[in-house]
Amino acid sequence: EAGVAQSPRYKIIEKRQSVAFWCNPISGHATLYWYQQILGQGPKLLIQFQNNGVVDDSQLPKDRFSAERLKGVDSTLKIQPAKLEDSAVYLCASSSNRALYNEQFFGPGTRLTVL
Amino acid sequence: DAKTTQPNSMESNEEEPVHLPCNHSTISGTDYIHWYRQLPSQGPEYVIHGLTSNVNNRMASLAIAEDRKSSTLILHRATLRDAAVYYCILRGPIQGAQKLVFGQGTRLTINP
Chain A
1 EAGVAQSPRY KIIEKRQSVA FWCNPISGHA TLYWYQQILG QGPKLLIQFQ
51 NNGVVDDSQL PKDRFSAERL KGVDSTLKIQ PAKLEDSAVY LCASSSNRAL
101 YNEQFFGPGT RLTVL
Chain B
1 DAKTTQPNSM ESNEEEPVHL PCNHSTISGT DYIHWYRQLP SQGPEYVIHG
51 LTSNVNNRMA SLAIAEDRKS STLILHRATL RDAAVYYCIL RGPIQGAQKL
101 VFGQGTRLTI NP
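Note that the protein sequences, when read in sequence, are chains A and B. Residue numbering for the first sequence follows this note's numbering, beginning at 1 and increasing consecutively. Residue numbering for the second sequence follows this note's numbering, beginning at 1 and increasing consecutively.
Okay, chain B solo, but in the shape it has when bound (with noise of 0.2 Å):
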């Protein structure tokens, strides 16, 4: 599995956007960049993935860089809720359940 390098840790303040970036040089090109988060003693959920175009949903939106070596997940008004760690995963092909193989992940610290 190819691997993604994340921060350990970050802070921003309420209401302010966040970019929680994530490095991923030996992607292949098949490879899709998903993104989960885990709030504290939850179970990790999703957030969104993407190939090659910036994404956008409900929780954030995806910055994909054009080499596909490295992607931004970005909040665009951080609340408290949003502290949790987040995960930057790499996933083959979409067909198949395929597990997950997580990293360290950054926590993420919000601040009223």
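In isolation and in its complexed conformation, chain A is listed as follows (with noise of 0.2 Å):
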């Protein structure tokens, strides 16, 4: 089985300069997460996708990151305009609400520096 595949792996870019991120889940997969990881800390929820419909987006910053899974399967997170304080590791996991225990599959991360 394939696991959840994020890319870039990594990005530098400018304050101030847009950014997109891609995730594509784990096939049949109807839940998908979007993680933000700043160094030194444990990942924190940005946002929650059941199929195409938001769960939870209470942590997203709105006025700079948006998010969208249309036809509910891939999934992008962009951030405009960037800020300093967005470095970190953007992590995107999927887990089956078939699944026995709700397990979350994370993928690999996305490494953003904003200089």
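Possibly wrong hints are sitting among the right ones.
[Said to hold, decoys possible] Calculated lysine-lysine pairs in the DSS-like style (CA-CA distance at most 30 Å, straight line):
no., chain 1, residue 1, chain 2, residue 2
1, B, K69, A, K78
2, B, K69, A, K44
3, A, K78, A, K15
4, A, K11, A, K44
5, B, K3, A, K62
6, B, K3, B, K69
7, A, K44, A, K83
8, A, K71, A, K44
9, A, K11, A, K62
Derived by calculation from the structure, the hints in this document are not laboratory data.
Put the complex together from the two separate chains, hints included.
Take a look at the structure:
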């Protein structure tokens, strides 16, 4: 079974620029999550999708972050404009509602550096 | 979300057992105890979970205190590949997809 795919793996941008990250979840997984992990901290949920609908985006800074999951499969997370404090690893995860214990499967992450 | 408390770091030797503690004194009766770990430069991965009884799988064992206010993740024979940050997380009932609320975790170092 292929895992969660993310791209790019690394991105360096200047502050006030825009950036987008892409995630392809495990086939058949209805739920998709985006987490932000700042160096030295545990991941923090930004947004959760169930199919193509948003379940939880309470911690998404909506003035600069946006996310979509068209057709309930792939997802894109965008930051516009980026700030220095957005430097972090952005992790995508997916889970199957049919799974016995809703284990989340994580991708390798995208490391963003904002200069 | 109920909180968990873990030591910031622990160190052990290769091929020895490792006991990683987690305190969760405000756990509710329906909260499951989950453990995930994050290897260097990778996303977190599921390790094990339990409710009341001790649990074993191919990766580890989970020992849950009788009052459920604490638990211990046991790696029976640590290898260098077990060096990671280990997160203890409480989650509500299994039905439905739920977010994971990560704390700081315990950074485990394995000495050769």
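Are the Cα positions of K3 (chain B) and K62 (chain A) separated by 30 Å at most? holds (26 Å)
K44 (chain A) paired with K83 (chain A) [C-alpha distance capped at 30 Å]: OK: K44 (chain A) and K83 (chain A) at ~18 Å, within 30 Å.
30 Å limit on alpha-carbon distance, applied to hinted pair K78 (chain A) and K15 (chain A): holds (14 Å)
Measure nothing beyond the straight line between the CA atoms of K11 (chain A) and K62 (chain A); if it is 30 Å or shorter, mark the hint as holding. OK: K11 (chain A) and K62 (chain A) at ~21 Å, within 30 Å.
Is it true that the CA of K71 (chain A) sits at most 30 Å from the CA of K44 (chain A)? This hinted pair holds, its Cα atoms lying about 25 Å apart.
Checking one constraint from the list: CA of K11 (chain A) to CA of K44 (chain A), max 30 Å. Satisfied? holds (20 Å)
Does the alpha-carbon distance linking K69 (chain B) and K78 (chain A) stay inside the 30 Å limit? violated (40 Å)
30 Å limit on alpha-carbon distance, applied to hinted pair K69 (chain B) and K44 (chain A): With Cα atoms ~24 Å apart, K69 (chain B) and K44 (chain A) stay inside 30 Å; holds.
Within 30 Å, alpha carbon to alpha carbon, are K3 (chain B) and K69 (chain B)? At roughly 11 Å apart (the allowed maximum being 30 Å), K69 (chain B) and K3 (chain B) satisfy the hint.
Checked against the numbered hints above, the structure breaks only hint 1 and satisfies the rest.
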